[in-house]
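Student: Sequence:
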Amino acid sequence: MNNKTNNIHPIFDRLLQREDREKRLGQKSKVLWLTGLSGSGKSTIAQALERKLYNEGFFAQVLDGDNIRAGINNNLGFSLEDRNENIRRISEIAKLYLNSGVITINSFVSPTIEIRNYAKQIVGASDFIEVFINTPLHICEQRDVKGLYKKARAGEIKNFTGIDSPYEAPTKPDLEVLTENQTVQESVQVIYDYLINIIKI
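Position 15 (the sequence shown) corresponds to 30 in the working numbering; numbering is contiguous.
Calculated directly from the structure, the hints in this document are not laboratory data.
Errors might be hidden in some of the hints.
Stated by the list, open to error - Cβ-Cβ distance ranges computed for the label pairs, FRET-style:
#1 Glu96 with Tyr69: 33 to 41 Å
#2 Asn99 with His153: 47 to 55 Å
#3 Arg29 with Gly86: 17 to 25 Å
#4 Tyr133 with Lys173: 40 to 48 Å
#5 Ile87 with Glu34: 46 to 54 Å
#6 Arg66 with Gly139: 56 to 64 Å
#7 Ile216 with Gly139: 30 to 38 Å
#8 Lys173 with Asn70: 36 to 44 Å
Just so you know, even glycine gets a beta-carbon here, dropped at the ideal spot from N, CA and C.
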């Protein structure tokens, strides 16, 4: 009989709690919040981390701009008000996953300290892990896989973070990942090594 089977205890007389779901999944749920410039590697790292966690027997879900703005937030633009609402909805979704026992990997620029603190307040400070994907601007511009920096430099995109809109780097992140001289897998390993003792039951 495996360890996860040993953790299963039938419940008949009360509502299911987060702890019950964590026992069933064999993990402690947390919300990882990956922040960094566009092109820093956040989404690539998040997806690779999700796969590594899965392969190691954990259950995780990535939330990023592609799957959020294409769906639940497809009615939002990039004004300050819409950015705040974007983060509010993401944080509420992450909290639902958290209470379901799922490890959530959030990959969003979330450019200001205030907006990340807002997310942390919604999720809960004890379950919120801020991960700074620290990649220099010139490296992000070299990558520019979506051509966004080129358009921003040409004035075709306004209020683009890092060009004509500021990015406030975390001053005390829970974890800082310096990607400039690391492979994706090396960056993932840094996060995994930090996370493993937090999520293990």
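Student: Each hint: holds or not?
Tutor: Do the hints match the structure? See the list:
| no. | hint | verdict |
| --- | --- | --- |
| 1 | Glu96 with Tyr69: 33 to 41 Å | holds, 36 Å |
| 2 | Asn99 with His153: 47 to 55 Å | violated, 29 Å |
| 3 | Arg29 with Gly86: 17 to 25 Å | violated, 34 Å |
| 4 | Tyr133 with Lys173: 40 to 48 Å | violated, 23 Å |
| 5 | Ile87 with Glu34: 46 to 54 Å | violated, 28 Å |
| 6 | Arg66 with Gly139: 56 to 64 Å | violated, 27 Å |
| 7 | Ile216 with Gly139: 30 to 38 Å | violated, 19 Å |
| 8 | Lys173 with Asn70: 36 to 44 Å | holds, 42 Å |
The structure shown violates the earlier hints numbered 2, 3, 4, 5, 6 and 7.
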